[in-house]
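Novice: The primary structure of each chain is shown beneath.
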Amino acid sequence: MKQLFRTTLILCAWLCAAISHAATPTEQFDQANALYAEGDYQQAIEAYQQLLPDHQSASLHYNLGNAYYQLGDFGPAVLHFEKALALDPRNPDIRANLELTQEAAQLTPAPPTWAQIIGDLAPVNAWAWLGAITFWVSVALVFLAPLYQWKGPLRGGLTALSVLLLCFSGIGLYGWHTRGAQGVVLTDQATLNVAPTSTSPAAGSVKAGQLAHIREQHGDYYLVSLGEDKIGWLSNEAFAPVWD
Amino acid sequence: MNHQKLFTTLFLLCAFAASLFAQQGDLEISSGFEPNVIRVNQYANYQFSVSNSRGSVKLEEAQKPEVPGLPMQYLGPNTQTIMNSTNGHVRHMYINAYAFRAAPEKPGEYTVPAFKIRVNGQDLEVPAAKLTVLDAQEPDANGNGPAVVTEIEWPREKFYVGEAIKAKVKLIVDPEQVQRMRVLRDVPFIVKEGDAFTISNFSQSDSKRIVRDNQVLEEHSWEVVITPLKTGQQSITLQSDWAVTTKSDRNQRRGRSLMDSFFINPYDTQQVTLYSEHDTIDVQPLPNEGQPTYYTGGIGMFTVDKPRLSESTGKAGEPLTMILTVRGQGNFERLQAPTLAESDAWRDYAPEEEFFAADQIGYTGAKTFEYTLIPRDSGELTTPEIAFNFFDPETAKYVELPIPGQAITIAENPNAQRPKRNPVAARRGPELLPIATTAGAFVSAISPIVKNPVFIAGQIVPALAIGLLFLSRRQKLRLEQDAEYARNVRANQATKAELATASNAAQQQDATAFYAAAQRAVQAAAGRHVEQAPESLTIADLESVATKLKADETTLKNIRAFMEAGDAIRFGGLANADIDFSAELARLETTVNNLGGKQ
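Chains as they are written, first to last, in my numbering: chain A, 3 to 246; chain B, 29 to 627.
Take the hints with a grain of salt, since some may be wrong.
The calculated lysine to aspartate or glutamate pairs, modelled on DMTMM-like cross-linking and capped at a C-alpha distance of 20 Å, are [claimed, not checked]:
id: 1; chain 1: A; residue 1: 232; chain 2: B; residue 2: 381
id: 2; chain 1: A; residue 1: 209; chain 2: B; residue 2: 380
id: 3; chain 1: B; residue 1: 479; chain 2: A; residue 2: 48
id: 4; chain 1: B; residue 1: 196; chain 2: B; residue 2: 234
id: 5; chain 1: A; residue 1: 209; chain 2: B; residue 2: 381
Just so you know, these hints were derived from the structure itself, not from any lab.
Turn these sequences into a full structure, and let the hints guide you.
Specialist: Set out below in structure tokens:
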């Protein structure tokens with residue numbers, strides 16, 4: 003009995019110690035940052051990657067983009083900067099480093115559309131919440147206010163404001179929708195294939211870091227278009243979507 | 029008599045046998061390849077046919093001929109009727125032919141062995157047929173070489189990934205054998221095999237006579253740019269489809285008459301698919317050694333013109349354009365804009381590119397890069413240096429051609445805003461902004477919340493809340509504004525409640541409670557038709573309502589009975605009287621319904 007009690011006590015103590023020593027995501031992030039600071043970029047990337055996909059943040063993807071940039075892997079660097087921007091679109095550091103990487107990779111990204119410029123003013127979920135709230139407020143103001151005989155300029159102003167915000171959030175969401183269908187070419191060795199097979203003839207070449215519009219997915223291949231006339235299949239080893 | 033019968037039977041049997049023989053006896057079977065001598069990568073048609081003068085034949089059973097190394101594709105049946113006239117006697121011959129396309133992979137002798145078929149219920153044997161397949165260069169029985177050969181002429185043996193290789197695709201034709209050739213596709217050649225290459229458009233063909241092995245041949249050639257996209261040993265085979273008209277040897281096979289030679293076409297036209305030889309080339313990666321920091325990606329031989337400025341002088345803050353023209357031969361498609369050297373005096377923007385091809389295949393030409401420069405200061409400035417470079421595949425070395433800046437006078441311009449410095453640029457060294465030190469809020473996926481089912485389902489909450497508020501408010505307003513509607517609603521509620529009370533009282537055999545509830549139920553039911561409060565309605569009022577509703581005598585009697593019974597029980601001491609409650613409850617419900625009841 004005494005031995006059983008002792009064994010249980012030791013087990014409990016070991017479990018407590020194990021739990022207390024398990025690194026939290028923040029601690030893992032800090033460890034990866036330390037590796038980056040030492041110039042061990044490959045190890046830093048592996049440490050950052052251990053946090054994925056359950057613990058993603060704008061900072062994590064931003065740091066991953068930096069680490070890939072330092073290794074000259076511009077494709078994955080652009081991918082992670084784009085992911086970071088999806089989470090924190092107004093972060094100037096992310097945008098600056100993305101532009102730097104695109105210049106280094108000799109890429110000329112297409113100028114953003116008006117919807118994308120508006121969408122970039124806030125994260126996509128902020129637009130989603132704003133859209134949902136303003137939609138229901140607009141519905142309530144249109145249908146309930148007359149029943150409660152609420153009249154006057156305040157009601158009109160609030161209705162106009164909520165409809166305006168609803169339209170604005172619709173444009174923002176559309177901007178993000180167009181970004182959400184994009185992916186990044188990861189490697190310079192990638193070739194656009196005519197069909198989604200490894201033995202398919204090549205339809206053209208692509209550059210690491212190029213943004214492409216995803217049209218379709220078939221197995222391990224994405225049908226992507228770059229510009230107006232370049233279209234073909236890329237394997238998931240050579241291409242990754244920005245959004246999960 | 030018996031002999032006569034036997035003779036008749038024998039005669040009928042003989043006649044039947046003769047008719048059978050006559051029906052099946054002239055079936056003829058033949059088989060063969062056309063042509064029976066071909067070269068590798070050419071097709072031959074194998075055909076067996078059944079002919080019959082008695083009408084069309086029906087092939088009941090046949091097996092596809094199988095010959096190892098000779099893939100055969102069934103093309104389908106063909107029916108033909110031939111009419112012969114000899115000494116005024118007309119004879120028809122019905123021919124059913126079954127054709128296959130044979131595509132041999134290797135040279136050799138191939139024989140389709142004899143095989144059985146079943147026609148019109150009769151087993152027949154298709155004779156064996158032989159096909160001779162010659163190697164591409166092997167002379168045939170008449171000592172002739174190949175009639176047509178396809179070749180790719182490469183400029184070197186070793187190439188680099190991304191290089192634009194100017195190759196020549198040749199079609200060498202023996203004019204002794206080939207009368208005419210016509211291409212069957214929009215383009216002369218397509219890539220049959222070679223997923224590691226892209227090819228440009230073909231140039232116009234060039235034709236000339238050449239002598240090869242003491243034989244005069246015709247050479248038709250096309251120029252094309254082939255770009256390898258993968259490193260390593262890469263193979264490529266081109267395919268082209270032609271209608272080739274050759275001198276026919278059928279006339280020689282038959283002993284032809286003067287009439288035959290006049291009417292029979294002395295040429296055969298056949299669809300021929302030609303393949304170039306299976307070329308394997310060595311594609312190497314670009315060397316890292318000596319690669320410039322800002323390599324343009326150009327592979328070939330290029331020169332650059334002196335950059336042209338849009339203005340000889342300028343003003344601070346006002347844009348100028350500088351056009352750099354790169355000329356030569358090589359992979360213009362992959363040639364990127366040369367990098368400008370760092371200069372704090374200028375703000376520059378990514379150049380616009382344009383390519384001007386000097387040939388049909390885009391191998392030779394000029395590419396212009398139009399930079400936009402904005403001087404940030406005034407004074408005697410020098411435009412930024414341009415670091416142009418390319419890789420020369422002949423010497424396997426990088427060539428750097430730095431282009432010095434040009435002096436230009438920039439006048440002061442107090443009205444113009446001073447442009448910002450150039451953004452952080454990779455070409456000016458690693459100026460990456462530092463990493464984030466705080467992890468920030470973690471999420472499990474980068475995906476918009478609008479795709480989350482919980483978010484979508486959550487929209488039901490505000491929808492329901494707004495819907496309920498809307499309905500309840502509208503109901504309240506109607507009750508306030510529509511008296512008849514309000515009376516109806518109240519009458520419905522009161523009638524329902526009083527009927528329920530009466531029903532409970534009936535179950536408990538409580539006469540006092542039952543008749544009190546019955547009185548109120550009758551008043552409530554009738555109350556919807558008058559503005560008066562229902563509880564104040566007297567028997568006379570109720571009868572008046574019933575009369576207006578054109579109720580029958582029984583209803584009037586029941587109204588009076590319920591109203592009086594209530595009073596009689598309450599005030600007359602009849603609480604313990606023997607009452608059939610279920611009958612009374614049914615009578616009450618009928619009365620209430622006749623007064624308008626529950627609507």
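Novice: Checked against the structure, which of the hints given earlier come out wrong?
Specialist: 3
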